[in-house]
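If you read the sequences in order, they're chains A and B. Counting from 2, one number per residue, gives the positions in the first sequence under the working numbering. Counting from 2, one number per residue, gives the positions in the second sequence under the working numbering.
FYI, nobody ran anything at the bench for these hints, they're computed from the structure. Some hints here could point you the wrong way.
Since the list gives no way to pick out one identical chain from another, each pair is judged satisfied if it fits inside one copy or across any two copies.
Claimed, not checked - Simulated pairs of lysine-lysine, DSSO-like, Cα-Cα distance not exceeding 27 Å: (1) LYS109 to LYS32; (2) LYS32 to LYS150; (3) LYS115 to LYS209; (4) LYS150 to LYS49; (5) LYS185 to LYS49; (6) LYS307 to LYS236; (7) LYS185 to LYS307; (8) LYS115 to LYS32; (9) LYS115 to LYS27; (10) LYS290 to LYS193; (11) LYS280 to LYS185; (12) LYS109 to LYS193.
Protein chains: 2
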Amino acid sequence: MVEKITLAHGSGGKLMNQLIGDLITKHFGMKEEDIDDAYVFIPEPDTKRFAFTTDTFTVSPIFFPGGDIGKLAINGTVNDLSVMGAKPLFLSVGFVIEEGFLISDLEKILSSMKGAADYASVRIVTGDTKVVEQGKADRIFINTTGIGKFEADIQRRPIEIGDKVIINGTIGDHGISIMAERNKFTFTRGLKSDCAPLNHLILNLVKKFPESIKFMRDPTRGGVASVLNEIAKGKPFGIKLYEEMLPIKEEVKGVSEILGIDPLYIANEGKVIIIVKDKDAEDVLDEMKKTKEGKDAHIIGEVIDKYPGKVYMETTIGGRRILPLLTGEQLPRIC
Amino acid sequence: MVEKITLAHGSGGKLMNQLIGDLITKHFGMKEEDIDDAYVFIPEPDTKRFAFTTDTFTVSPIFFPGGDIGKLAINGTVNDLSVMGAKPLFLSVGFVIEEGFLISDLEKILSSMKGAADYASVRIVTGDTKVVEQGKADRIFINTTGIGKFEADIQRRPIEIGDKVIINGTIGDHGISIMAERNKFTFTRGLKSDCAPLNHLILNLVKKFPESIKFMRDPTRGGVASVLNEIAKGKPFGIKLYEEMLPIKEEVKGVSEILGIDPLYIANEGKVIIIVKDKDAEDVLDEMKKTKEGKDAHIIGEVIDKYPGKVYMETTIGGRRILPLLTGEQLPRIC
Chain A
2 MVEKITLAHG SGGKLMNQLI GDLITKHFGM KEEDIDDAYV FIPEPDTKRF AFTTDTFTVS
62 PIFFPGGDIG KLAINGTVND LSVMGAKPLF LSVGFVIEEG FLISDLEKIL SSMKGAADYA
122 SVRIVTGDTK VVEQGKADRI FINTTGIGKF EADIQRRPIE IGDKVIINGT IGDHGISIMA
182 ERNKFTFTRG LKSDCAPLNH LILNLVKKFP ESIKFMRDPT RGGVASVLNE IAKGKPFGIK
242 LYEEMLPIKE EVKGVSEILG IDPLYIANEG KVIIIVKDKD AEDVLDEMKK TKEGKDAHII
302 GEVIDKYPGK VYMETTIGGR RILPLLTGEQ LPRIC
Chain B
2 MVEKITLAHG SGGKLMNQLI GDLITKHFGM KEEDIDDAYV FIPEPDTKRF AFTTDTFTVS
62 PIFFPGGDIG KLAINGTVND LSVMGAKPLF LSVGFVIEEG FLISDLEKIL SSMKGAADYA
122 SVRIVTGDTK VVEQGKADRI FINTTGIGKF EADIQRRPIE IGDKVIINGT IGDHGISIMA
182 ERNKFTFTRG LKSDCAPLNH LILNLVKKFP ESIKFMRDPT RGGVASVLNE IAKGKPFGIK
242 LYEEMLPIKE EVKGVSEILG IDPLYIANEG KVIIIVKDKD AEDVLDEMKK TKEGKDAHII
302 GEVIDKYPGK VYMETTIGGR RILPLLTGEQ LPRIC
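With the rest of the complex left out, here is chain A (with noise of 0.2 Å):
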């Protein structure tokens, strides 16, 4: 019998995630497929659809290579309207402060945040602030909110054998950021988060490609491995992917394999997985490669006939290998 809430990390992770989600289901009395990213309402009669997300971001180290706490509490709330096919129009802000927090470092996140909520062009318009003792918060949490609007009509889409799987860019760069600086390792130059919105990238792809695109996804927590692992979760059909075409950077491989954790498993804080009609895959690549955020995308996998809900990867050395459901690492407070 469990009776206390432990860190989600080692091999009790999934199972304390899972426990939360239960009780928080079953006492809210929600239906575990209603949950997604994002709750999806009708203002009034006729009007288009809205998004609604919730977000808190406890991450430590605060600053990092590639951004701060306060950039991914906007691109975090920005991304999860976004992979739902919304067009994010506003968030809120919550901050919970710990005392003798340095004003100075609180002016970089906010200026930070305006920097990312500009680029994103979503406008940050109404907060809150909580100041806590020494020693009853670590630095500064950051809840963000958002509202956002379905201006295509951009909706699920079954998944059928053949569909080919798209990521934008490389693969476990926030994660394997937060991991090196942690652990002050001096030998990663290069290495950055991909924190990044990802709105301005999807919303021109659901425009142009609105039944070409059947689901959408930010790997974050869990990484590429756990979306993937969702997608299949008890369907038909399973996922493959080529390990051979995995964009992942060299220095990302190195942390990985010197801290024993896989990339494909690591947050992404700028990365959609998007599942695509085979046919229209390419055009699709072409069109995100067109973009900053889509520049390095990659068609790295497929919906196969084989292993009917597991994800697998197909080794450069013609071995295959399953991706379990999340039974190893999940790192504490990476976003």
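Based on these hints, arrange chain B on the given structure of chain A.
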């Protein structure tokens, strides 16, 4: 030169809160007059107006007479929407939980949140949970962010000499209950938080008296005196309170005296201050008294042509006492 965030209490409280507020508005490019209990937007041309608001709850202790952090988090955001005149529809919930937190306590809080949401007729539709290491948060923090819809054509109207000030019940119950609990006072039988949702009370009033109600706000942090000061600040009128009409429980008076704090500056969590046209004040009061949340409603003051910009109390012995803009206590982690 202030370099660090300090706790929002003692004589520095007001200055620190102002400093943080100023930094946020400066960096985010907001104007001070844009900052309200909620942001108002129109989803599409010709639709009704909607409101969007956020609040993070860090109350300590998390369980207290009359409620807990979960009930407070639901009602707090319901009330921020309600005092704008909007009907609360949806809430998001963001948890930060400390490693080691008892699962039985989490279940109590979740159950309490669901009960509060049902009672307020609002739906929890999306959420997020982060677990942090032991010592990196104080048990549990909860962010709630809400969306509401303006059904009646309620709006702020110019306040005039003669307008009456109404409150829907007793003053200072929430803050004083928390302080009594923290100080482990044992003589406070009957003392409990007023934590309650205001939407049913307010929306009924808004429908019946759309033209009579000029201003509403919930006197949470800073209490009744702070809300009235905000209303009077810079205006050509003053606000007079009648001391003998102030509904304050004997237990609240007792604990306040021991702690040396004024209940007029203490947070309430189920109260609304309403400025209403003189001629309709008694009708509004009668309507409020029919409801559970308004049965102890009182007219506690009026808008006068003396002491412009100030709030003062006419005492029971015929004296006058200015109630300044929060120079004294602002207790941390009351909500």
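Okay, the hints, checked on the actual structure:
no. : hint             : result
1   : LYS109 to LYS32  : between (40 Å within a copy, 20 Å between copies)
2   : LYS32 to LYS150  : both (24 Å within a copy, 25 Å between copies)
3   : LYS115 to LYS209 : neither (29 Å within a copy, 42 Å between copies)
4   : LYS150 to LYS49  : both (7 Å within a copy, 16 Å between copies)
5   : LYS185 to LYS49  : neither (48 Å within a copy, 53 Å between copies)
6   : LYS307 to LYS236 : within (11 Å within a copy, 74 Å between copies)
7   : LYS185 to LYS307 : neither (43 Å within a copy, 64 Å between copies)
8   : LYS115 to LYS32  : between (36 Å within a copy, 14 Å between copies)
9   : LYS115 to LYS27  : between (37 Å within a copy, 10 Å between copies)
10  : LYS290 to LYS193 : within (20 Å within a copy, 61 Å between copies)
11  : LYS280 to LYS185 : neither (46 Å within a copy, 70 Å between copies)
12  : LYS109 to LYS193 : within (18 Å within a copy, 41 Å between copies)
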